[in-house]
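Chemist: Chain by chain, the residues run as shown.
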Amino acid sequence: MILKTVSGPKEALSGLFDGATLMLGGFGLCGIPENAIQELVRLGVKNLTCISNNAGVDDFGLGLLLQHRQIKKMISSYVGENDEFERQMLSGELDVELIPQGTLAERCRAAQAGIPAFYTPAGFGTEVAAGKEVRDFDGKMHILEHAFVSDFSIVKAWKGDEAGNLIFKGTARNFNPCMCGASKITIAEVEELVPAGTLDPNQIHIPGIFVQRIFQGMQYEKRIEQRTVRRKII
Amino acid sequence: MLDKNGIAKRIAQELKDGYFVNLGIGIPTLVANYIPSGISVEFQSENGVLGMGPFPFEGEEDPDLINAGKQTITTLPGASFFDSAMSFSMIRGKHVDLTILGAMEVAQNGDIANWKIPGKMVKGMGGAMDLVASAENIIVAMMHTNRAGESKLLKRCSLPLTGVGCVKKVVTDLAVLEITPEGFKLLERAPGVSVSQIEKATEGTLIVSGDIPEMHI
Numbered sequence: 002m003i004l005k006t007v008s009g010p011k012e013a014l015s016g017l018f019d020g021a022t023l024m025l026g027g028f029g030l031c032g033i034p035e036n037a038i039q040e041l042v043r044l045g046v047k048n049l050t051c052i053s054n055n056a057g058v059d060d061f062g063l064g065l066l067l068q069h070r071q072i073k074k075m076i077s078s079y080v081g082e083n084d085e086f087e088r089q090m091l092s093g094e095l096d097v098e099l100i101p102q103g104t105l106a107e108r109c110r111a112a113q114a115g116i117p118a119f120y121t122p123a124g125f126g127t128e129v130a131a132g133k134e135v136r137d138f139d140g141k142m143h144i145l146e147h148a149f150v151s152d153f154s155i156v157k158a159w160k161g162d163e164a165g166n167l168i169f170k171g172t173a174r175n176f177n178p179c180m181c182g183a184s185k186i187t188i189a190e191v192e193e194l195v196p197a198g199t200l201d202p203n204q205i206h207i208p209g210i211f212v213q214r215i216f217q218g219m220q221y222e223k224r225i226e227q228r229t230v231r232r233k234i235i
Numbered sequence: 013m014l015d016k017n018g019i020a021k022r023i024a025q026e027l028k029d030g031y032f033v034n035l036g037i038g039i040p041t042l043v044a045n046y047i048p049s050g051i052s053v054e055f056q057s058e059n060g061v062l063g064m065g066p067f068p069f070e071g072e073e074d075p076d077l078i079n080a081g082k083q084t085i086t087t088l089p090g091a092s093f094f095d096s097a098m099s100f101s102m103i104r105g106k107h108v109d110l111t112i113l114g115a116m117e118v119a120q121n122g123d124i125a126n127w128k129i130p131g132k133m134v135k136g137m138g139g140a141m142d143l144v145a146s147a148e149n150i151i152v153a154m155m156h157t158n159r160a161g162e163s164k165l166l167k168r169c170s171l172p173l174t175g176v177g178c179v180k181k182v183v184t185d186l187a188v189l190e191i192t193p194e195g196f197k198l199l200e201r202a203p204g205v206s207v208s209q210i211e212k213a214t215e216g217t218l219i220v221s222g223d224i225p226e227m228h229i
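Same order as they appear, the protein sequences are chains A and B.
Note that the working numbering has the first sequence beginning at 2, numbered continuously upward.
Note that the working numbering has the second sequence beginning at 13, numbered continuously upward.
There's no promise every hint is true.
To be verified - Think about it this way: if two alpha-carbon atoms lie no more than 30 Å apart in a straight line, the pair counts; the simulated DSS-like pairs of lysine-lysine are:
| # | chain 1 | residue 1 | chain 2 | residue 2 |
| --- | --- | --- | --- | --- |
| 1 | A | LYS233 | A | LYS11 |
| 2 | B | LYS212 | A | LYS141 |
| 3 | B | LYS180 | B | LYS21 |
| 4 | B | LYS135 | A | LYS74 |
| 5 | A | LYS170 | B | LYS132 |
| 6 | B | LYS16 | B | LYS132 |
| 7 | B | LYS16 | A | LYS133 |
| 8 | A | LYS223 | A | LYS160 |
| 9 | B | LYS128 | A | LYS141 |
| 10 | B | LYS21 | A | LYS233 |
| 11 | A | LYS141 | B | LYS180 |
| 12 | B | LYS212 | A | LYS133 |
| 13 | B | LYS16 | A | LYS233 |
| 14 | B | LYS135 | A | LYS141 |
| 15 | A | LYS73 | B | LYS132 |
| 16 | B | LYS197 | A | LYS141 |
Unchecked claim - Residues from chain B shown here face chain A by an in silico Cβ test under 10 Å; the list is partial:
| # | residue |
| --- | --- |
| 17 | GLU73 |
| 18 | ILE129 |
| 19 | GLU200 |
As the list claims (entries may be wrong) - These stretches of chain A come out as covered by chain B in the derived footprint (C-beta under 8 Å, 3 or more residues):
| # | region |
| --- | --- |
| 20 | 22–31 |
| 21 | 35–48 |
| 22 | 62–69 |
| 23 | 116–123 |
| 24 | 129–135 |
| 25 | 186–198 |
The hints are simulated quantities; they were obtained by calculation from the structure and are not laboratory data.
Note that beta-carbon positions come from the ideal geometry of N, C-alpha and C, so glycine has one too.
All chains, please: the whole structure from these sequences, using the hints.
Modeler: Right under this line is the structure:
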């Protein structure tokens, strides 16, 4: 067995450099790598390009990196709910590339799977298609999209083992599995790190081959962005 | 004239037994409250859940369980979770039967604009472009006119497009309309709304053929 365990976020992010391209898992604040983001703030790395579906909120998630002006470019599908993001985008400090959510996911998956590019109908006839190759398949128009090229994937899972095998929980799964193995190095933080042999191989969502470094995260806040409830009728 | 819940109620009549449905944010979300009795549908949320249930009771919220609007949700028996790539495999692969979403503008050729207003802060298209490019059946839920009283049913969209030639049906506070090669075909009037009111509120070509029935809500 090949051990992937590292001592914590500090060791997990070793070698991360100014100007790196990162993939970060999560949908809104759900399933984000909280510990690794804190460590990125502490490291103070700058000029990052971040591939992430969203950009956090002002004081949590990727919003923390924005606050410290560590991000040069965001590649996302939706970036609302963040005033600092808006300020930096409008002032031109932050470069933003908005792409359709399914295209974002598939560009991650393509990178993971060694597929350099693929055709998708999403965005045909819109400004997303500008400058892209267009092709007709069975009478329907598609555009060519390329796999991402990225240095580090930083993901969050529920459970993981020393071999880097991962299991996700609920909708905290989202982009995390698609990003594993989609960069040169994949770093996974988990809520519960267990010895190899503990997890049922039938239940593994991401095999350890896609993960280079794994660590046990601490003190998860798991902030809820839109707490929505219904009343109990008594 | 219908309110937002009225629009949702009318759209709910379009649901058929066995449908997998993706609901957008806003009025479409309300459709889940009006599923006709005697049919089973399953709701898909593109962040990775099929079999979405109602909002949780207070104290039972799970931060690891949200919908695409980032709201806390529950799941129903038979639900499943999956990653974002598989979620859009369901959408692009036409496994989802019906997409209901809001719009800023719809053109009579089925073009839709719902993600960007030039000069304003742009938040992004999220999954809308993938949804409209692939869904077999797309219903738009929106008000017939904008806040300035201008028609949102146009000959051509003026805003940046989300998708081309994809909308099949539009349900507004005034009417139900079908997209046809000739233009917006008026199918039904909202309670108390006249054909001439709908004509005035529609900039695109409106086809009125025969007697137009009032909606049953």
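Chemist: Are 3 or more residues of the region 186–198 of chain A near chain B, judged by a Cβ distance of less than 8 Å?
Modeler: violated (count 0)
Chemist: Would you check chain B against the region 22–31 of chain A, counting CB to CB pairs closer than 8 Å, and say if three or more residues qualify?
Modeler: holds (count 4)
Chemist: Has the given pair, B:LYS128 with A:LYS141, been kept, meaning a C-alpha gap of at most 30 Å?
Modeler: holds (24 Å)
Chemist: Is B:LYS16 within 30 Å of A:LYS233, Cα to Cα?
Modeler: holds (24 Å)
Chemist: Given the proposed pairing of B:LYS197 with A:LYS141, does the C-alpha separation stay at or below 30 Å?
Modeler: Roughly 25 Å between the alpha carbons, so the hint for B:LYS197 and A:LYS141 holds.
Chemist: Could you grab the alpha-carbon distance between B:LYS180 and B:LYS21 and see if it respects the 30 Å cut-off?
Modeler: Holds, at roughly 18 Å.
Chemist: Quickly compare the C-alpha distance for B:LYS135 and A:LYS74 to 30 Å and report which way the hint goes.
Modeler: holds (15 Å)
Chemist: Under the criterion that the straight-line Cα-Cα distance not exceed 30 Å, is the pair B:LYS16, B:LYS132 satisfied?
Modeler: Holds: B:LYS16 and B:LYS132 sit about 25 Å apart, inside 30 Å.
Chemist: Does B:GLU73 pass the interface check with chain A, least Cβ-Cβ distance below 10 Å?
Modeler: Check passed: Cβ of B:GLU73 comes within 6 Å of chain A, closer than 10 Å.
Chemist: Would you check the hint for B:LYS135 and A:LYS141, treating anything up to 30 Å between C-alpha atoms as holding?
Modeler: Holds, at about 28 Å.
Chemist: Is the Cα-Cα distance between B:LYS212 and A:LYS141 30 Å or less?
Modeler: violated (35 Å)
Chemist: Given B:GLU200 as an interface hint, is its Cβ closer than 10 Å to any Cβ of chain A?
Modeler: The hint is violated - B:GLU200 has no Cβ within 10 Å of chain A, the shortest such distance being about 29 Å.
The structure fails hints 1, 2, 5, 7, 12, 18, 19, 21, 22, 24 and 25 (numbered hints given earlier, in ascending order).
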